[in-house]
Amino acid sequence: MSHSLALGQRALREAWRTPEALVPTLFIPLFFLVVNVGQAGKIFPSASTGFLNGQGYGAFQLPSSLLLAASFGTAALFLVEEIEGGYFDKLRATPIPRTSIVLGRLIAELAKGLLIATAIVLLALPFGITIASGLLGFVLLIALTALWAVVFAGFMQLIALKTRSAAATNSGGLIFFPLLFLTPNFVPRDMLTRPMEIAATLNPVTYVMEALRSLILDDLAWDRIARGFAVVAVLGAIMLVLNVRMIRHYD
Amino acid sequence: MAERNDAVRAEAPAMRPADGAIAVHAEALVKTYRSRAGVVEAVRGVDLDVAAGEVFGFLGPNGAGKSTTVRMLTTLLSITSGTARVAGVDVAHQPDLARRRMGVALQEAGLDPRQTGRELLILQGRLFNLSHRDAARRAGELLELVELEEAADRRISGYSGGMKRRLDLASALVHEPDVLFLDEPTTGLDPASRLTVWDEVRRINTRGTTVFLTTQYLEEADQLCDRLAIIDDGRIVREGTPAELKAELRGRRGLSSDPSLDDVFLDATGRTRGGGAGDVREVSA
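In order, the protein sequence lines correspond to chains A and L. Using our numbering, the letters of the first sequence map in sequence onto residues 1 to 251. Using our numbering, the letters of the second sequence map in sequence onto residues 252 to 536.
Treat the hints as calculated values from the structure; they're not laboratory data. Each hint should be verified, as a subset may be incorrect.
If we take Cβ atoms under 10 angstroms as the criterion, some of the chain L residues that face chain A in the derived model are [to be verified]: (1) 279; (2) 281; (3) 284; (4) 325; (5) 326; (6) 344; (7) 347; (8) 365; (9) 369; (10) 378; (11) 402; (12) 422.
Even glycine gets a Cβ: it sits at the ideal position worked out from N, Cα and C.
Taking the hints into account, I'd like the entire structure generated from these sequences.
Okay, here's the thing in structure tokens:
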């Protein structure tokens with residue numbers, strides 16, 4: 001584990017020294033939050049929209065922005081850069097477990113995810129958004145977002161290890177957009193058209209989004225929260241196994 | 252070609268290292284890849300013995316199998332068939348133990364440009380299980396060895412090509428390996444930087460480290476290597492000391508004076524200085 005932590009520390013230093021890669025992670029999700037609220041806010045006034053539980057439409061949209069931010073991780077792109085530059089081989093030539101190379105970057109993504117999610121939520125609070133589930137809910141909200149960041153970074157690392165190409169890895173990241181838009185992104189699931197509702201029900205991101213949303217709009221709704229964490233746990237385990245397998249067979 | 256090569260190698264049995272002091276041993280080493288065009292045989296049965304304490308040169312034209320062989324010996328590439336031992340450890344069966352005994356500096360000077368030289372060396376030390384304190388002390392020693400103390404706390408992205416090579420060498424030495432693999436350590440360097448790297452290699456070797464060096468520069472091999480092997484088309488086609496290989500060619504061709512290592516290389520790989528009509532092969536040497 002000490003090797004993973006040492007590599008995680010390095011990845012965090014790398015992120016700190018590349019602020020130009022971090023800024024869009026914060027800016028673009030906030031941009032989408034403002035634009036989406038601006039476009040649909042009047043359709044869903046808080047006084048007469050039951051699913052908002054008395055909050056503004058921004059509170060309903062915040063989970064989308066959090067998930068978007070969590071899906072902008074740069075770990076895989078830095079990994080490809082290392083593969084192309086030869087440092088990845090330097091790491092592989094050390095006697096550390098192959099899993100440490102994967103875990104190091106994922107630990108850094110977790111730390112970055114915690115910071116970015118906290119920043120976005122704190123920036124949203126002055127605009128009238130409150131976390132209805134309280135302090136515990138706030139902690140769970142940040143934790144779930146950061147864990148999703150790890151899952152998605154794991155997925156991106158898989159593409160990076162398989163293709164060893166920055167272009168392919170970059171393109172692979174775009175898969176998140178269809179996944180995000182096949183969720184109850186603008187309205188609750190029961191208000192979607194039937195085909196969209198089926199698609200959203202099959203989409204695992206839906207359950208993460210609904211868990212995040214319940215933490216913002218409701219008191220602690222443990223069934224929805226548990227579903228969100230369960231999805232992240234299952235997908236996280238799959239990503240970890242596939243990453244480790246990929247790096248062990250890397251030639 | 253294979254018969255002639257066997258004959259060349261058989262003429263110099265006295266130079267084969269003694270069994271008790273072998274740092275690198277490869278036997279019938281083969282690497283094949285599957286590609287869209289079919290199966291590619293990159294290395295077709297390499298046998299090698301490198302004595303402890305030697306500087307061993309591994310030469311060959313582009314695509315001959317040099318880097319593939321080095322990557323197999325350094326555990327970075329799986330071995331299709333055959334065996335390889337480095338410092339007495341089977342690289343396929345005990346890769347972690349083998350990694351502790353060898354240092355690796357590959358063609359690309361693989362460094363993390365966002366770290367400082369010192370940070371990179373400390374991290375490398377920690378990955379070889381040194382405590383933070385010991386890793387920092389070792390980093391200081393190595394920075395002094397490769398004369399990078401002044402640049403130690405600057406980011407690597409600002410280093411020149413020569414400085415990067417020296418840092419790469421230093422990072423391969425963090426754990427005091429028995430065998431150091433250098434894959435084309437001077438490719439792309441200016442003459443002054445190249446000479447500095449040569450000095451480093453000599454200094455490392457005099458401290459007792461066996462050096463396994465691939466290069467395309469025959470002058471480099473002539474200057475640095477005690478023995479060398481030439482690989483072409485995945486097979487070893489010559490092996491011996493530079494003097495032996497020159498003497499063998501001189502005798503075989505009935506030349507009046509010793510040929511250069513370039514002549515030995517061209518003879519061994521079937522290349523010519525001008526190239527034949529319609530021959531588009533390029534010889535880097």
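Inset, instruction - Hold the hint about residue 365 of chain L up to the distance rule: shortest CB distance to chain A must be less than 10 angstroms. - result: Since chain A brings a Cβ to about 5 angstroms from residue 365 of chain L, closer than 10 angstroms, the hint holds.
Legend entry - Hint status (Cβ of residue 347 of chain L to nearest Cβ of chain A, threshold 10 angstroms): holds, 4 angstroms
Legend entry - Restraint satisfaction for residue 279 of chain L [CB to CB of chain A, less than 10 angstroms]: violated, 19 angstroms
Inset, instruction - Closer than 10 angstroms between Cβ atoms is the bar; does residue 422 of chain L clear it against chain A? Give me holds or violated. - result: Result: holds, 7 angstroms to nearest chain A Cβ.
Legend entry - Interface hint status, residue 344 of chain L versus chain A (Cβ within 10 angstroms): violated, 14 angstroms
Legend entry - Hint status (Cβ of residue 378 of chain L to nearest Cβ of chain A, threshold 10 angstroms): holds, 4 angstroms
Legend entry - Agreement of hint residue 369 of chain L with chain A interface, Cβ distance less than 10 angstroms: This interface hint is violated because 12 angstroms lies over the 10 angstroms limit.
Inset, instruction - Classify the hint on residue 325 of chain L as holds or violated, based on whether any CB of chain A lies nearer than 10 angstroms to its CB. - result: With a closest approach of 6 angstroms, the residue 325 of chain L hint holds.
Legend entry - Hint check, residue 284 of chain L versus chain A [nearest Cβ-Cβ separation less than 10 angstroms]: holds, 9 angstroms
Legend entry - Given hint residue 281 of chain L near chain A, where the shortest CB pair must fall under 10 angstroms: violated, 14 angstroms
Legend entry - Given hint residue 326 of chain L near chain A, where the shortest CB pair must fall under 10 angstroms: holds, 7 angstroms
Inset, instruction - Mind checking the CB of residue 402 of chain L against every CB in chain A and telling me if the closest is under 10 angstroms? - result: violated, 17 angstroms
When held up to the earlier numbered hints, the structure conflicts with 1, 2, 6, 9, 11 and fits the remainder.
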